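Asker: Please build the complete structure, drawing on both the sequences and the hints.
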Amino acid sequence: MGGLKHAAGRQSTGPVRLIFGSAQKVEVIAEDKHRFYMSVSEAAQACKAFSNAALWADEFKDFLVDLHKWCSDRPERVESCFVTWGEGGLTVYVITKSEDYDFGLDDELHELDLHMAAVYPDCPAEILQIPSGSHDELNSFFSPERSVQAYGDKGTTPEES
Amino acid sequence: MGTREQHRKKADRNQAFIDEIRDSKFTEWIAIAVFYKAVHVIEEMLAVSGSHATSHRQRQAILKAKYPEILRPFRTLYNFALVSRYQFRPVKTAQVEMLFHALERLEQLAKLEIEEGSYSG
Chain A
1 MGGLKHAAGR QSTGPVRLIF GSAQKVEVIA EDKHRFYMSV SEAAQACKAF SNAALWADEF
61 KDFLVDLHKW CSDRPERVES CFVTWGEGGL TVYVITKSED YDFGLDDELH ELDLHMAAVY
121 PDCPAEILQI PSGSHDELNS FFSPERSVQA YGDKGTTPEE S
Chain B
162 MGTREQHRKK ADRNQAFIDE IRDSKFTEWI AIAVFYKAVH VIEEMLAVSG SHATSHRQRQ
222 AILKAKYPEI LRPFRTLYNF ALVSRYQFRP VKTAQVEMLF HALERLEQLA KLEIEEGSYS
282 G
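Respectively, the protein sequence lines represent chains A and B.
Position 15 (the first sequence) corresponds to 15 in the numbering used here; numbering is contiguous.
Position 31 (the second sequence) corresponds to 192 in the numbering used here; numbering is contiguous.
By construction, these hints were calculated from the structure, which means they are not laboratory data.
None of the values given here were measured: they were computed from a predicted structure.
Some clues are possibly wrong.
Computed beta-carbon distance windows for the label pairs [stated by the list, open to error]:
1) B/GLU181 with A/GLU31: 53 to 59 Å
2) B/THR215 with A/HIS115: 25 to 31 Å
3) B/GLY278 with A/GLU27: 44 to 50 Å
4) B/GLU166 with A/ALA53: 41 to 47 Å
5) B/SER185 with A/GLU111: 31 to 37 Å
6) A/VAL119 with B/SER216: 22 to 28 Å
7) B/ARG183 with A/GLU145: 38 to 44 Å
8) B/ARG183 with A/GLY21: 47 to 53 Å
9) B/LYS272 with A/SER140: 33 to 39 Å
10) B/SER216 with A/ALA118: 20 to 26 Å
11) A/ASP100 with B/GLY278: 34 to 40 Å
12) A/ARG74 with B/THR215: 30 to 36 Å
13) A/PRO75 with B/MET162: 44 to 50 Å
Far from chain B, some chain A residues (derived; all Cβ distances over 10 Å) [unchecked claim]:
14) LYS25
15) GLU31
16) SER41
17) GLN45
18) SER51
19) ASN52
20) LEU55
21) ALA57
22) ASP66
23) LYS69
24) SER72
25) ASP73
26) ARG74
27) GLU79
28) SER143
29) PRO144
We treat Cβ as the ideally placed atom computed from N, Cα and C, and that holds for glycine.
Answerer: Shown next, in the form of structure tokens:
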């Protein structure tokens, strides 16, 4: 199963780590809880969900669970997945197992994108694939400190590899 | 906000640049030029319906909502151009060919939309 394993007491400086349970639920590991809710607050603002952040947080968690399941169904092609936020909404980075651009995955990402847009209209997102690469390469696309890891064991800092 | 004609001219100019460099070793720049041609093809199509995007994210949102089949090849061009700008591995000739196929598909679909839009308009 693609659930994340976590080192207890690890200093959290990379992405916010999550635990995906078997009942379509997601939990945040204890030491990341504060950072997660800070992240949700920022992400809600990015998605212009000003009116009810608590309700939005529930939709965002469901969004993460759905994303995790999609990745878990493709363990041979997907290495990890991170969600970041910025002006205009969320960005999902699907890190592929391949070191080359996986053209064959684009159609599946397209279907995922349409599905997520239909089911989670308050979580506007663009979904991108990034070929597997060094930590420096991955970090050139997004900041791990401002991301939530939705799938995969491989982190984005050298000591986590 | 450009007119339909202005976007067509930019698309044609980008194509002329692609033709200049398509046999060169600077394959990452081919990927980028192909993407920017696609942007102007999309903007030309949007201009026909009086629409316009001010950012990559907004352009994708419009395509996702109104033209999902055109987003399909556009996604590949957008995503690949982003990767080619930041990753250190060289872009392969076979990958460039995939981009040309995606651009061709995108142009076919956009042309159909423009023709339908022009007809109904």
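Asker: Next, verify each hint and record whether it holds.
Answerer: Hints and how they fare:
| no. | hint | result |
| --- | --- | --- |
| 1 | B/GLU181 with A/GLU31: 53 to 59 Å | holds, 54 Å |
| 2 | B/THR215 with A/HIS115: 25 to 31 Å | holds, 26 Å |
| 3 | B/GLY278 with A/GLU27: 44 to 50 Å | holds, 49 Å |
| 4 | B/GLU166 with A/ALA53: 41 to 47 Å | holds, 45 Å |
| 5 | B/SER185 with A/GLU111: 31 to 37 Å | holds, 35 Å |
| 6 | A/VAL119 with B/SER216: 22 to 28 Å | holds, 24 Å |
| 7 | B/ARG183 with A/GLU145: 38 to 44 Å | holds, 40 Å |
| 8 | B/ARG183 with A/GLY21: 47 to 53 Å | holds, 51 Å |
| 9 | B/LYS272 with A/SER140: 33 to 39 Å | holds, 36 Å |
| 10 | B/SER216 with A/ALA118: 20 to 26 Å | holds, 22 Å |
| 11 | A/ASP100 with B/GLY278: 34 to 40 Å | holds, 37 Å |
| 12 | A/ARG74 with B/THR215: 30 to 36 Å | holds, 34 Å |
| 13 | A/PRO75 with B/MET162: 44 to 50 Å | holds, 45 Å |
| 14 | LYS25 | holds, 28 Å |
| 15 | GLU31 | holds, 30 Å |
| 16 | SER41 | holds, 21 Å |
| 17 | GLN45 | holds, 15 Å |
| 18 | SER51 | holds, 20 Å |
| 19 | ASN52 | holds, 22 Å |
| 20 | LEU55 | holds, 22 Å |
| 21 | ALA57 | holds, 22 Å |
| 22 | ASP66 | holds, 17 Å |
| 23 | LYS69 | holds, 21 Å |
| 24 | SER72 | holds, 22 Å |
| 25 | ASP73 | holds, 20 Å |
| 26 | ARG74 | holds, 17 Å |
| 27 | GLU79 | holds, 15 Å |
| 28 | SER143 | holds, 13 Å |
| 29 | PRO144 | holds, 15 Å |
Checked against the numbered hints above, the structure breaks none of them.
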